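Asks: Spelled out, the chains give:
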Amino acid sequence: MTTQLASGAPGSPGLANPAEHGGGPGTGSRTTRALGVAALLGVAVFVPLGLVLSPEDVMQNDLVRMFYIHVPVAILAFVSCLVTGAGSFMYLWRRQLWWDTAACSAAQLGAVYTALTLVTGSLWGRPAWGTYWDWDARLTSTAMLMLLLLGYLALRKAPGTADSQAKRSAIVGLLLVPNVMIVRQSVDWWRSLHQPATINLLGNTRIGGTMLFCFVVGLAVMSLIWLWLLIHRFRVSWLEHQIDRLDLAGALLARRAEGQP
Amino acid sequence: MDDTSLFDGESTPDAGELPAMTDELDLTPRTTPAGGEGSGAARPSTVREAKGPRKGRGYVAAVVLVVLVAAGILAVKALGNATLYFYQADEAVAQKEELSTKRFRMLGFVDGAPVQRSSDGVLFSVSYGGTTVPVRHVGDPPQLFKAGVPVVLEGHWSADRSTFESDRILVKHTEDYVEKNPDRKTAADSAP
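In the order they appear, the protein sequences are chains A and B. FYI, the numbering for the first sequence is 1 to 261, going by the working numbering. FYI, the numbering for the second sequence is 1001 to 1192, going by the working numbering.
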C-alpha cells in the first residue's frame, strides 16, 4: 500500500475513490482490507505473547508488559508528527492540497497516539514510580507536544480559503518536527524521572531476548493498525475535500446561471 | 440641517486625502487602461507597489522564523538550568550549605542495609557516587521500593544537615529490562 500511496500522489483517483479498485462502497480497498486482516491476526498473536508468554522483569515484575504498548504507541506518535511535518513541507513546496490533507490526517492520528502515550505512561507510572504524573522533562515536553497538536487541529477550523488554511496549518505543522526532537532527546538532555531509551538501533539494546521479541511484534502489529487508520483517515478527508470542491463548483454554476438573462 | 453640516464637516478632511487614497486604490487591476500618456507613467509605479507588500510578507515570515528559532534556543537553554529535576546524593552533600533547608529532589540508590520502620515512616540510606546519605521518610514507601533501586526523594536537609527528611519517594527505573527466570533466584528476588 505504500506503493499505492506513492503512485497515488497528487490528484490520483486511486486513493480518492477506492471503489474503483474493487473496494465496493466505503473507503476500503483490497489493500487496506488485507492490511486490516493482517493487523487483526497480529493482535491475536500479540495479546497472548505480551500478557502470558513474556517473562516478568526482575525490578518491575508484571509492569514490563506495559512497555510493549507504551513504547510502540509513543514511537507511532512521533512518526505521525514527522509525517505531518513532511506533508506540511511538501505542501509549502508544491502547493497541492493533497499534501495538506495527508499532513492533517497524520496530525489527527498524532493527537490520538500522543494522548495514548500519556495515558499508558500514567497507568504504568502509578505502580512503577509511585505517581501518575510529575513535571519532569520527558512528561512536560510530551504534554507540550500534545498541546501543539491540539493547537494545530484547532487552527484547521479557523475560517479562510482552502489554500490559506493549508498554508497556515503547514507552518504550524512544521513546528511539530523540532518538538518531537525535543521530546525524544529530553531524557538525554535533562535529568528526568523517565528512564532513557531502552531500545537503541545503533547502541546496545538493554532488554532481555524474549521481551525484545514481544516488543518487536507489538511494534509491527501496532504499525499495521496505525497505517490502516492513516490510509482510511486520509481517504475520508480527501473525499470531504472533493465534496467541498464540488459544492463550491455547484454554487458558482448556480450563481452564474442566476446572472444569465 | 444639522445632519448635513456634520456630514460636510467630516467629508472636508477626506477630500484633502483623496489623491492618496486613489493611489492606493490603483492596486486593483483595471480591465481598461485609464488612457493617455499619464497611464504609461503610472503603470510601473503601481506594479512596484503591488510587489512591495508581497516581498514585505516574505521578510516578515523570515523575521518571525528567526524570532521563533531564537526563542526556541533560549527556552532550551533556560530549561536546561531550570529543569534540574534532581540533585544526585553526592551533589546534595557537597552543596549542603547553599541548599540549607530548602526543598529539593535527590537521586540515590537505596542501600542494602535493612530498612528500619519508624513510628511514622521508614529510615534508610541512599548512595550516589560513593556518598551515602541517611534518610528519614514520613509516609509509606511505594510498591516497588526495595534495596538496590534508584529513587528520587523529595524533601530537605534536617536542621543540623545530618539527614535528608523526605516526604515523597518516586522509584526511578533504569533503562534495563532483565527477564526474571522462575528457576533461578536472583539477588533482587531475595532482597527485602
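Possibly wrong hints are sitting among the right ones.
As the list claims (entries may be wrong) - Derived SDA-like pairs: lysine to any residue, alpha-carbon spacing no greater than 25 Å straight-line:
#1 B/K1102 <-> B/G1139
#2 B/K1146 <-> A/V216
#3 B/K1180 <-> A/G208
#4 A/K157 <-> A/A251
#5 A/K157 <-> B/G1139
#6 A/K167 <-> A/R94
#7 B/K1180 <-> A/L246
#8 A/K157 <-> A/V172
#9 B/K1146 <-> B/E1097
#10 B/K1096 <-> B/L1068
#11 B/K1180 <-> A/P127
#12 A/K167 <-> A/Q96
#13 B/K1180 <-> A/V112
#14 B/K1180 <-> A/L63
#15 A/K167 <-> A/L246
#16 A/K167 <-> A/L123
#17 A/K167 <-> B/D1111
#18 B/K1180 <-> A/V216
#19 B/K1146 <-> A/P127
#20 A/K167 <-> B/V1064
#21 B/K1102 <-> B/P1142
#22 A/K167 <-> A/Q185
#23 B/K1180 <-> A/L123
#24 A/K157 <-> A/A197
#25 B/K1146 <-> A/R94
Said to hold, decoys possible - Just some of the chain B residues that point at chain A, by a computed CB distance under 10 Å:
#26 L1074
#27 V1076
#28 S1100
#29 F1104
#30 L1107
#31 G1148
#32 E1175
#33 V1178
Don't read these hints as lab results, they were simulated from the structure. Here the structure is a predicted model, which is why all the values come from computation and not from measurement. Where is the CB? At the ideal position from N, CA and C, for every residue including glycine.
Asks: Compare the structure with each hint and give your call.
Replies: These are the hints, each one checked on the structure:
no.	hint	result
1	B/K1102 <-> B/G1139	holds (20 Å)
2	B/K1146 <-> A/V216	violated (30 Å)
3	B/K1180 <-> A/G208	holds (9 Å)
4	A/K157 <-> A/A251	holds (22 Å)
5	A/K157 <-> B/G1139	violated (49 Å)
6	A/K167 <-> A/R94	holds (11 Å)
7	B/K1180 <-> A/L246	violated (61 Å)
8	A/K157 <-> A/V172	holds (13 Å)
9	B/K1146 <-> B/E1097	violated (30 Å)
10	B/K1096 <-> B/L1068	violated (39 Å)
11	B/K1180 <-> A/P127	holds (18 Å)
12	A/K167 <-> A/Q96	holds (10 Å)
13	B/K1180 <-> A/V112	violated (33 Å)
14	B/K1180 <-> A/L63	holds (12 Å)
15	A/K167 <-> A/L246	holds (21 Å)
16	A/K167 <-> A/L123	violated (38 Å)
17	A/K167 <-> B/D1111	violated (57 Å)
18	B/K1180 <-> A/V216	holds (19 Å)
19	B/K1146 <-> A/P127	holds (14 Å)
20	A/K167 <-> B/V1064	holds (15 Å)
21	B/K1102 <-> B/P1142	holds (24 Å)
22	A/K167 <-> A/Q185	violated (29 Å)
23	B/K1180 <-> A/L123	holds (22 Å)
24	A/K157 <-> A/A197	violated (36 Å)
25	B/K1146 <-> A/R94	violated (58 Å)
26	L1074	violated (13 Å)
27	V1076	holds (7 Å)
28	S1100	violated (21 Å)
29	F1104	violated (12 Å)
30	L1107	holds (8 Å)
31	G1148	holds (9 Å)
32	E1175	holds (4 Å)
33	V1178	holds (5 Å)
In the structure shown, a violation is registered for the earlier hints numbered 2, 5, 7, 9, 10, 13, 16, 17, 22, 24, 25, 26, 28, 29, in ascending order.
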